[in-house]
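Protein chains: 2
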Amino acid sequence: VGPDGGKVAVLGAGSWGTTVAALLALDAHREVVLWARSPSHATAISEARCNDRYLPNTPLPHNLAVTADIGGAVAGAGVVVVAVPARWVREVLVLAARGTAPTAVIVNLAKGFEPGTLCTMSEVCEEVLPGRPVAVLTGPNLAPDIAAGLPAAAVVACREEPVALVLQQLFSFSHFRVYTNDDVVGCEVAGGVKNVLALAAGMADGLEAGDNARAALVTRGLAELSRLGVAMGGHAWTFAGLAGLGDVVLSCTSRRSRNWAVGFRLAQGEVLAAVLASTHQVAEGVGSAPSVVALAARYGVVTPICEQVAAVVAGRRAAADAVAALLERERGHERAGLPTG
Amino acid sequence: VGPDGGKVAVLGAGSWGTTVAALLALDAHREVVLWARSPSHATAISEARCNDRYLPNTPLPHNLAVTADIGGAVAGAGVVVVAVPARWVREVLVLAARGTAPTAVIVNLAKGFEPGTLCTMSEVCEEVLPGRPVAVLTGPNLAPDIAAGLPAAAVVACREEPVALVLQQLFSFSHFRVYTNDDVVGCEVAGGVKNVLALAAGMADGLEAGDNARAALVTRGLAELSRLGVAMGGHAWTFAGLAGLGDVVLSCTSRRSRNWAVGFRLAQGEVLAAVLASTHQVAEGVGSAPSVVALAARYGVVTPICEQVAAVVAGRRAAADAVAALLERERGHERAGLPTG
Chain A
1 VGPDGGKVAV LGAGSWGTTV AALLALDAHR EVVLWARSPS HATAISEARC
51 NDRYLPNTPL PHNLAVTADI GGAVAGAGVV VVAVPARWVR EVLVLAARGT
101 APTAVIVNLA KGFEPGTLCT MSEVCEEVLP GRPVAVLTGP NLAPDIAAGL
151 PAAAVVACRE EPVALVLQQL FSFSHFRVYT NDDVVGCEVA GGVKNVLALA
201 AGMADGLEAG DNARAALVTR GLAELSRLGV AMGGHAWTFA GLAGLGDVVL
251 SCTSRRSRNW AVGFRLAQGE VLAAVLASTH QVAEGVGSAP SVVALAARYG
301 VVTPICEQVA AVVAGRRAAA DAVAALLERE RGHERAGLPT G
Chain B
342 VGPDGGKVAV LGAGSWGTTV AALLALDAHR EVVLWARSPS HATAISEARC
392 NDRYLPNTPL PHNLAVTADI GGAVAGAGVV VVAVPARWVR EVLVLAARGT
442 APTAVIVNLA KGFEPGTLCT MSEVCEEVLP GRPVAVLTGP NLAPDIAAGL
492 PAAAVVACRE EPVALVLQQL FSFSHFRVYT NDDVVGCEVA GGVKNVLALA
542 AGMADGLEAG DNARAALVTR GLAELSRLGV AMGGHAWTFA GLAGLGDVVL
592 SCTSRRSRNW AVGFRLAQGE VLAAVLASTH QVAEGVGSAP SVVALAARYG
642 VVTPICEQVA AVVAGRRAAA DAVAALLERE RGHERAGLPT G
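Chains as they are written, first to last, in the numbering used here: chain A, 1 to 341; chain B, 342 to 682.
Okay, chain A solo, but in the shape it has when bound (with noise of 0.2 Å):
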C-alpha cells in the first residue's frame, strides 16, 4: 500500500461511503472505485456524477468510478473501504473475498455491531478475510459537511502502526485531519454505543429536558461507554478522544445526526417503525442498542443509558418513561460511574 496512487475500493456507495470516496479522489492521481449495490444506482450515480439519493448537490471527481460489479471494485485494490450498515458487512465482504488482494488493507466505516453474534466490525473482517490488516476510520464526521469542505478530524485505528501512518497519509486533506492510534477495539466500541447514546439525547431533546440534562446525559454516556469499551479491552484514552468524546458530542448534540433525529421523533410520539420507513438513511442506534446490552451483561458492566434506550426500540418502554428513569437516577460519589482502566 502506497500513500500516493494506488487503486482504493470503497464498498457501499450511503451518505458517508460516497463522501470517503470523493475525499480520496480528490488525490487527481489515485484511482477510486466506488460499489452500489444497486446496479440502476450506480448507472444513476455515474450518469448524474452525483449521488443525488444519499449525497445530492455534491459533484463527483472524475477518477471517480462508480460500478455494481463487486469483483472488479475490489481487483486490484490496496486498500479496500467498507461502507456498508453493519448488519450487511460480513454479506459485503463474502462478496467481495474473492477478489480482494491477499495483501490487500480493509478499513471499515460501518458503526456497529453484528446482530446475534455481536462481533465487532473488525472480527467480522477477520473472519472473512484473514490475513489482510484492519482498520477503522472513525470520529465527529457528519459526511455533508466534509463533501462540503468544511473541516473535520478523525481517527484511523489499526493495531500495526505502519499501516495506521500509511492510511493517515492516505485519507489525510487539508480540510480533513486524521489522528493514527492502536486501539482497533476501543475505537470499535465507542462508534457502535454512540449511536445509542444519541437516541437517548434525542429523546431527552424530545421531552424538552433541557440543556443541563443533555450535557448530563453525555456525561454519563461517555462514562458508560468507557466502561464497557475498557471491560473489552479498549484504552480509556480512546474514548476521551475524537472517537469516544468527540463523536459523542456531535451525535448527542447536533440536529443533525441521524440517531438523535430517530430519538427525537419517538419522544414525540412517533411509533419507530414509521420512523425508520420515513427515511433511506440507517440509524445503527436501533440495531446496536440490543446488541450493546448484550455485550455488556457479558463483560458484566451496568450500561443504564443503553437499557433503557434498548426497552424502547424494543417497544417495551415509552421514551418519557426511559428518559424519567434515566433523569431519575441515584446520586453519590461521582467517581463511582467511572471506569478504573
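What the hints contain is simulated information worked out from the structure, not anything from laboratory work.
Incorrect hints may have been included.
[Stated by the list, open to error] Computed footprint of chain A on chain B, listed as stretches where at least three residues anywhere in the stretch have a Cβ under 8 Å from a Cβ of chain A: (1) 474-486; (2) 490-496.
[What the hints assert, rightly or not] Per label pair, the in silico range of CB-to-CB distance: (3) Phe173(A) <-> Ala638(B): 25 to 35 Å; (4) Glu161(A) <-> Val612(B): 42 to 52 Å; (5) Glu161(A) <-> Gly641(B): 27 to 37 Å; (6) Glu611(B) <-> Ala314(A): 46 to 56 Å; (7) Arg597(B) <-> Ala274(A): 31 to 41 Å; (8) Gly673(B) <-> His29(A): 20 to 30 Å; (9) Glu127(A) <-> Pro645(B): 57 to 67 Å.
Note that the coordinates shown come from a computational prediction; the quantities given were computed from them, not determined experimentally.
Note that the Cβ used here is the ideal one computed from N, Cα and C, for glycine as well.
Assemble chain B onto chain A, guided by the hints.
Leaving out everything else, chain B in the frame of chain A:
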C-alpha cells in the same frame, strides 16, 4: 451545619445566585437570605418577589429574604454561598468576613480565577476566611432551566467528605441531582477553563466551521483543560465528569451559553467592548483566558486553544485567524495530546 433548617446566605443576586437561593428555599423550613450589592436592586427584588433583571418570570419563595446588608445576610448563616463574578469574590468576602461565623461553610459558585494573582476561588476564600471549610458547586447548570424546574445534575466538591455529604443533602432536590467529589482544584480549573473553550466554540460556530469542527474542538479542548487540571493537582476523572466534560459540552453547544454567545458575536465581526456593553451578564471566559494562559505557562502545559482565545480577547488576533489556526493543527498520534495523570 445541618441538612435541614439553618440559615443560608447567598452573596450575589445575579442569575445563578438567585436561582440557587430559590432552589434552597424550596425547602420551606429553611431561611435563605439573598444579598444584592445594590440597595435599589435588593429593594426591587424584594418588592416584586422576582429578580426581573437577572431571572425574570421566576417568582421567589416567601422564605427567601433579599437584602443589601451583607453583615445581616451572613450573620448566623451556617452556609455562605458566593455567587459573584470571579473578579469580585475577594472584595465581597472581605465585606462578609466580620459577620461570617468561624464555623460557616463557604460554597463558591464563581467560575474563574482572580485576575493578577491567578488564585482559584477556594484559595481566595481560604485567604480571606481562614479556617472555614471551602466547597465548590459546579457542573452543567444553565440557571434559567433550573429555575424553571427542568432536571439537571451538579457536583459539590470539598476536601472534607462529611461536609461534602451535608452539602449534597442541602442542594439536592428531585430535579437537581448533586454528586460529591473531593477534587476542589480540579473542579475549579474545569469551571475556569470551560468558559474559555466556550468562547472558542462560539467563534467556530460564528464562522460556520460546522458541527464536525466543533466536536473536534470540544475534544481537543477537554484534553487541554485536563492537561492543565492534572498539572495543577486535579484528578483526571474529574475532567471526565460533570464539572469537566459535562460543563464543557453544555457551554460549547448551547446557544444560551453566555461565553459561546460572545465568541459567536466576535466571529461575526463585532468588537469585544460593544458585545460586553450590550449585556448585563458577565462572560467569565473573557477574563479567564489570559489567566489560563498564564497558569499554563507557570505549570508548563500547552494550551493552544486558550492561547488563541486570549489573543482574540486582547485584540491581538481576529477570530477568523484564531479559528483557522486551531483547525490546522498538526496531526499525529491521538494519545499525544492527552494528560497522563
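Hints, one by one, checked against the model:
With a cut-off of 8 Å between beta carbons, the stretch 474-486 of chain B has 5 residues touching chain A; three or more are needed, and the interface restraint holds. Counting residues of the stretch 490-496 of chain B whose CB lies closer than 8 Å to any CB of chain A gives 5, which reaches the minimum of 3, so the coverage claim holds. Phe173(A) and Ala638(B) have their C-beta atoms about 34 Å apart, which keeps the hinted 25 to 35 Å range intact. For Glu161(A) and Val612(B), the hinted distance range of 42 to 52 Å is satisfied, since their beta carbons lie about 48 Å from each other.
Distance hint for Glu161(A) and Gly641(B): a CB-CB separation of about 28 Å, consistent with the stated range 27 to 37 Å. As the Cβ distance of Glu611(B) to Ala314(A) is approximately 50 Å, the hint placing it in 46 to 56 Å holds. About 32 Å separates the C-beta atoms of Arg597(B) and Ala274(A), a value consistent with the hinted range of 31 to 41 Å. About 25 Å separates the C-beta atoms of Gly673(B) and His29(A), a value consistent with the hinted range of 20 to 30 Å.
Glu127(A) and Pro645(B) have their C-beta atoms about 42 Å apart, which leaves the hinted 57 to 67 Å range violated.
Consistency note: the structure conflicts with earlier hint 9 alone.
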